[in-house]
Amino acid sequence: MATTTANQQPIVPAKSGKLKKILIAAVGAVVLLGAGAGGAYFFLGKNHGPAKPAPEPPPVFFPLESLTVNLQSDDGVMHYLRAGLTLKLRDEKVQLLVTEHMPEVRSRVLLLLSGKRPDDLATVDGKKQLANELRAGVETAASTAEKPVRVEEVLFTEFVVQ
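Residue numbers (the UniProt record's numbering): 1 to 162.
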């Protein structure tokens with residue numbers, strides 16, 4: 001007959017320990033993958049602020065030869081203007097376009113200057129107005145339909161009225 005003792009219990013393999021280790025490893029792997037995906041999205045997926053604008057290239061200063069013109073006169077006395085001009089341009093491509101049209105540019109500048117009266121040029125506002133007229137005149141003379149020219153500013157480097 002078979003007798004059993006209290007010390008003899010059937011041996012059952014401990015599955016809960018192995019299953020627990022596998023479950024912990026799987027959860028850990030999912031957490032690590034989620035953290036990696038979140039970090040990649042955070043650092044690579046979106047911008048963290050407004051994009052910095054590209055710095056503008058420095059302007060090109062293009063000096064023109066000095067010009068001497070007769071001014072309009074109401075008093076019968078001859079008045080002269082000697083003016084040195086420098087054009088402030090955006091880049092060297094614009095400078096090449098102005099250079100290609102230099103005879104037209106000089107002609108337009110001479111006509112604008114010779115149409116002024118000494119009283120028009122005596123004030124700062126008169127000189128600023130002349131600079132704006134010269135800027136528009138140079139843009140008109142140097143521009144083509146395919147290649148418009150933009151002059152940023154006309155600077156006086158010499159200005160003598162007699």
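What the hints contain is simulated information worked out from the structure, not anything from laboratory work.
You may find that some hints are simply not true.
[As the list claims (entries may be wrong)] Heads up, simulated DSSO-like pairs for lysine-lysine below, C-alpha to C-alpha not over 30 Å straight-line:
id	residue 1	residue 2
1	Lys-21	Lys-52
2	Lys-52	Lys-88
3	Lys-21	Lys-93
4	Lys-116	Lys-88
5	Lys-128	Lys-88
6	Lys-127	Lys-147
7	Lys-93	Lys-52
8	Lys-128	Lys-116
9	Lys-147	Lys-88
10	Lys-127	Lys-88
11	Lys-127	Lys-116
12	Lys-147	Lys-52
13	Lys-128	Lys-93
14	Lys-93	Lys-127
Only a predicted model underlies this, so the values are computations on that prediction, with no experimental measurement involved.
Index of numbered hints that the structure contradicts, given in increasing order: 1, 3
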